[in-house]
Amino acid sequence: MRRPLDRPDYFAHIILILGVMLFAFPVWLVFAGSTQDPDAIMRGDLSLIPDLTNLSVYTRVLLHGTMGTEPVWHMLLISFGMAVAIATGKIFISVLSAYAVVFFRFPFRQTAFWLIFVTLMLPVEVRIIPTYAVMSGFALINTFTGLWVPLIASATATLLFRQVFTAIPDELLEAARIDGAGPLRFLRDIVLPVSGANIAALFVILFVYGWNQYLWPLLVSTDPSLDTIVIGIVKMIGQETQTDWSAVMATAVLALLPPVAVVVLMQRWFVAGLTEGEK
Amino acid sequence: MDRRTVFNGRLLPVVLLLPQLLLTLFFFYWPAAEAVWSSLTTQDAFGQDWVFVGLDNFQDLFDDPLYLDSAVRTVFFCLSVSVLAMCIALALAVFADRQIAGRGVYRTLLIWPYAIAPAMSAVLFLFVLNPRVGLLGRWLNRHGVAWDYTLNGSQAMLMVMSASAWKQVSYNFIFFLAGLQSIPRAVIEAARMDGAKGWRRFRTITFPLLSPTTFFLLVVNVVYAAFDTFGTIYALTQGGPGKDTETLVIKVFRDGVINQDIGSSSAQSVVLMLGVILITAIQFRFMGKRTLS
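Chains as they are written, first to last, in our numbering: chain A, 1491 to 1769; chain B, 94 to 386.
Quick caveat, the hints were computed from the structure, so don't treat them as lab data.
All values derive from a computational prediction rather than experimental measurement.
Treat the hints with care, since some could be wrong.
[Stated by the list, open to error] Label-pair ranges, simulated between beta-carbon atoms:
id	chain 1	residue 1	chain 2	residue 2	range
1	A	Gly1686	B	Leu244	51 to 59 Å
2	B	Arg103	A	Pro1561	49 to 57 Å
3	B	Lys336	A	Thr1656	21 to 29 Å
4	A	Arg1497	B	Leu251	49 to 57 Å
5	A	Ala1687	B	Gln152	17 to 25 Å
6	B	Gln152	A	Thr1656	42 to 50 Å
7	B	Val198	A	Asp1535	32 to 40 Å
8	A	Thr1712	B	Phe300	48 to 56 Å
9	B	Val350	A	Phe1628	27 to 35 Å
10	B	Trp232	A	Gly1686	32 to 40 Å
11	B	Arg103	A	Leu1553	51 to 59 Å
12	B	Leu244	A	Pro1561	33 to 41 Å
Idealized CB from N, CA, C, for every residue including glycine.
Please model the complete structure; the sequences and the hints are all you need to start from.
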């Protein structure tokens, strides 16, 4: 029942094109809408053909925001800072803790590991109120630090690095010790370079995780100058009546671009890291 | 799996572990302990002191029909979102796994939505399906369908389910595709030689071989639908109209942050924690080796 090679698999193409359109259509619609007259959108005269001569709305929202929000460049900056800080911070402290658990023997080693591991069962959503109390105890409400520091403790990343480090052959460590390398030297010169691909993959996953946060910034900040782009856009759509829709659509496009670019550009690493790491 | 060779030293490993342990202690254990404590207490009439009340808050919670409604709604929501997102992803993965022209491009075009935030999927759905601004939403109303998810509860539920499932398809697609690729070609070839065709081959050979991936994804999707969809639901409906899209997490937020009912919202948090512990236990019972190897 082998299909002749010269006849394309039309059915597969049709299904996949429908799938691609299911995701591309809303984004295309929003892009096309961003280039059109807001009153026309309000009347329902939205054309699916973008007016490429009318991209000035992008400069306008980037520099001035819309309907009294912060300028979009500022919200993008907060999101970018938060995403990078979360990704870097998580990787940094997880590498250190996994390294200690794998390459040393000390009392309460297993206890320390389990203490980190159990946090898998405590997502932000289940400790909304008490976390707020703790955050205000540390004076972290309405601070940039508050947006990222509490999110960097990570059981998943520690588990992943523990797995990667355990796979490093004993011979490498023995050779390094014979050459007189201390633990920090071994970490810097051997362990980090051999884990490069895992770190890159995890960075993509965590960057997207950080960029996409909504509940956390909503909880710990009421200061508009700390609005992330995701918080900002939800505020914009909340005022349904007198909305400058093309400006909101342009903001939506700008909010999507950075994480999508990171995922597409690093697709190969990211897919491998996701399917190997999280299983 | 323990190493034969390790470094000596007691102080260094503790220093290396300290940042992770301190953050865990301050931002995980402390709030969790606080939640348990507040769930067992209540403020006195003057709002001055905390009074220990045992399990009263839990008793009130389980006597509250609104809470039970929300729990049932959440289960229904989670299962619908998971099944919908997994079925679409599996269908796409099966076809993307075939040897066809442009498969690399198809993959990229199906993987990029991984980057969309839950709250952003709400924004995109609003532009498509809002009865006043959305293209399809207006079209439906012009053609005699009274579509308005801001007023109609079932339509609101359909809307938040679709938006939540839509966002999760690409994640499932990545895992199903990886699962399909790890099935040895020889097995599929053998089935082909035995004359098993298309749907039958999928049902009797491919799908059973995918079951570890399917189970893993089911757990991940249920957790996603229960917790990560807060942004989607809150941005689209805030749990409304009325309470028609109020899941347990939305309810904790409404009761705790907006209505400031600390006792009840803490008890709800503790119930959710037990839920997560249960799901994690199930996950490890069946997949422990894969996760901890």
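Would you say the C-beta atoms of B:Leu244 and A:Pro1561 sit inside 33 to 41 Å of each other? Since B:Leu244 and A:Pro1561 have Cβ atoms about 35 Å apart, the given range 33 to 41 Å holds.
B:Val350 paired with A:Phe1628, Cβ distance criterion 27 to 35 Å: violated, 18 Å
Is 51 to 59 Å respected by the C-beta to C-beta distance linking A:Gly1686 and B:Leu244? Cβ of A:Gly1686 to Cβ of B:Leu244: about 54 Å, so the range 51 to 59 Å holds.
Mind checking the hinted window 49 to 57 Å against the Cβ distance between B:Arg103 and A:Pro1561? The hint (49 to 57 Å, Cβ to Cβ) holds, given that B:Arg103 and A:Pro1561 are roughly 52 Å apart.
Satisfaction of the hinted span 51 to 59 Å by the C-beta atoms belonging to B:Arg103 and A:Leu1553: holds, 56 Å
Verify the CB-CB distance for A:Ala1687 and B:Gln152 against the hinted window 17 to 25 Å. violated, 53 Å
32 to 40 Å as the expected CB spacing between A:Gly1686 and B:Trp232, which holds or is violated: With Cβ atoms ~50 Å apart, the hint is violated.
Tell me if the beta carbons of B:Lys336 and A:Thr1656 are separated by a distance inside 21 to 29 Å. Violated - the Cβ-Cβ distance for B:Lys336 and A:Thr1656, about 48 Å, lies outside 21 to 29 Å.
The hint says 42 to 50 Å between B:Gln152 and A:Thr1656; measuring C-beta to C-beta, is that right? holds, 47 Å
Taking 49 to 57 Å as the stated bounds, is the beta-carbon spacing between A:Arg1497 and B:Leu251 within them? 40 Å Cβ-Cβ, so the 49 to 57 Å window is violated.
Do the beta carbons of A:Thr1712 and B:Phe300 sit within 48 to 56 Å of each other? holds, 49 Å
Do the Cβ positions of B:Val198 and A:Asp1535 conform to the proposed distance bound of 32 to 40 Å? holds, 33 Å
Checked against the numbered hints listed earlier, the structure breaks hints 3, 4, 5, 9 and 10; every other hint is satisfied.
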